[in-house]
Structure formats: C-alpha cells, structure tokens
Amino acid sequence: MKKIFLLAVLASGLAFGQAKKVVSSDVQWWGYKIAKSESSSHYGTVKVKSGEMVMKGNQLVGGTFVLDMTSINATDLSGEYQQKLNGHLKNGDFFEVEKYPTAIFKITGIKKNNDKVYNSLVTGNLTVKGKTNTISFPAKITYANGTVSLASKKFSIDRQKFDVAYKSTMQDVLVKDDMDLQVRVTAK
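Here the sequence shown stands for residues -21 to -1, 1 to 167, numbered as in mature numbering (1 follows the signal peptide of the UniProt record, and there is no 0).
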C-alpha cells in the first residue's frame, strides 16, 4: 500500500511539474516622457518579493512572481530628486503602493521563439493595482544542474491598462503610456 501511495505522489509530481523557489532576481523598469528616448526617461528597479518557477523535466512550464511595489526605486537620480520621484511613483499619481503593495505575474504559457538569443516567448497574466492583463515577452530560458534562469529581452507594457495614470492637471500629456521592463530571475 505504501508503494502505491509513493508511486501516486511521484506520478503526480511528474504530471504537474516541480516547483523551484526564486533565489535571485533583477527587475529593471524605464518610464519615458512624451518623447520616448533615453535622455527623456527615468529608470530604476523593483524587487521580487517571492516566486517560483515550475519545471516539467527540463522545461519551464509555469511560474508565479510577486513584485514588491513598495521597493520601486528610481536609480537614475540621487538625493532629494530621487526621494521625490520615488514618492511620486509610490503615491496615488502612479502605483498607490499603500493600497496595492504587490503586483503579480503568472506564467500561462511558453512557446519556442525563433530568436537565437531569446529562445522562448513567455505569456502570462500581469496584475498591477488590481487590474489583470495578458502580456508576452521574449526570454532566454536555461536549465542546468537543477537551476532554471529566465532573462527577458527589454519589452513594453501599456501602463494605462493597469490604471497607472499620472493624476495631474496635465494628465498623461507629459508621460508616455508605454513603459519598458527587463526581468531576470533564477530559481533552484
């Protein structure tokens, strides 16, 4: 009886995949003024609070990442200007981190991509400020010695779809709707 139970547990693990905990991450963001260029942008980081990647054999088949929106940080500035921008990003003008302290990305599909470097196209549901939208991005996925890594190419999302709107008298005239992200996560 014990052997049958053990076999059933093992089989279910193979059917559904093995979860690996995220051990390191690097999420970069770029926001642009109306003229989308490097000179008219701000950029920075946001931390991954927790996450897992699900493997089936040596293939990534799923995963979930929780972003700590209270950690959003503009790294292109320092001192007083950095503090002002960070406060601006965290308040009701943009991410409302007191009300929405986390954002979540859940992988719903991965398929082969023809790019030689970014060998996969990752699709999933991104939830920011309680709004969920499907996004896709090219990524390089590697698996070796029990460690899986996902490194995305820089990709754009429309912040308006997540109600991340600049609430000023100028509305969103000064800020581009598109913001760029680049994600690197490793799980063991």
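Note that these hints are calculated values from the structure, not bench results. Take the hints with a grain of salt, since some may be wrong.
[Unchecked claim] Below, computed lysine-lysine pairings styled on BS3-like, alpha-carbon distance capped at 27 Å:
| hint | residue 1 | residue 2 |
| --- | --- | --- |
| 1 | Lys167 | Lys85 |
| 2 | Lys26 | Lys108 |
| 3 | Lys167 | Lys90 |
| 4 | Lys91 | Lys132 |
| 5 | Lys140 | Lys69 |
| 6 | Lys95 | Lys28 |
| 7 | Lys119 | Lys(-2) |
| 8 | Lys91 | Lys155 |
| 9 | Lys119 | Lys91 |
| 10 | Lys78 | Lys140 |
| 11 | Lys91 | Lys12 |
| 12 | Lys(-1) | Lys63 |
| 13 | Lys69 | Lys90 |
| 14 | Lys132 | Lys110 |
| 15 | Lys132 | Lys78 |
| 16 | Lys35 | Lys167 |
| 17 | Lys110 | Lys(-1) |
| 18 | Lys155 | Lys69 |
| 19 | Lys110 | Lys90 |
| 20 | Lys108 | Lys35 |
| 21 | Lys155 | Lys(-1) |
| 22 | Lys(-2) | Lys140 |
| 23 | Lys(-1) | Lys26 |
| 24 | Lys119 | Lys78 |
| 25 | Lys90 | Lys12 |
| 26 | Lys155 | Lys78 |
| 27 | Lys132 | Lys167 |
| 28 | Lys132 | Lys95 |
| 29 | Lys133 | Lys26 |
| 30 | Lys63 | Lys85 |
| 31 | Lys119 | Lys69 |
| 32 | Lys91 | Lys108 |
Item checked: Hints that the structure is at odds with (numbers, increasing) -> Structure breaks hints 6, 8, 11, 12, 13, 15, 20, 21, 22, 24, 25, 30, 31, 32.
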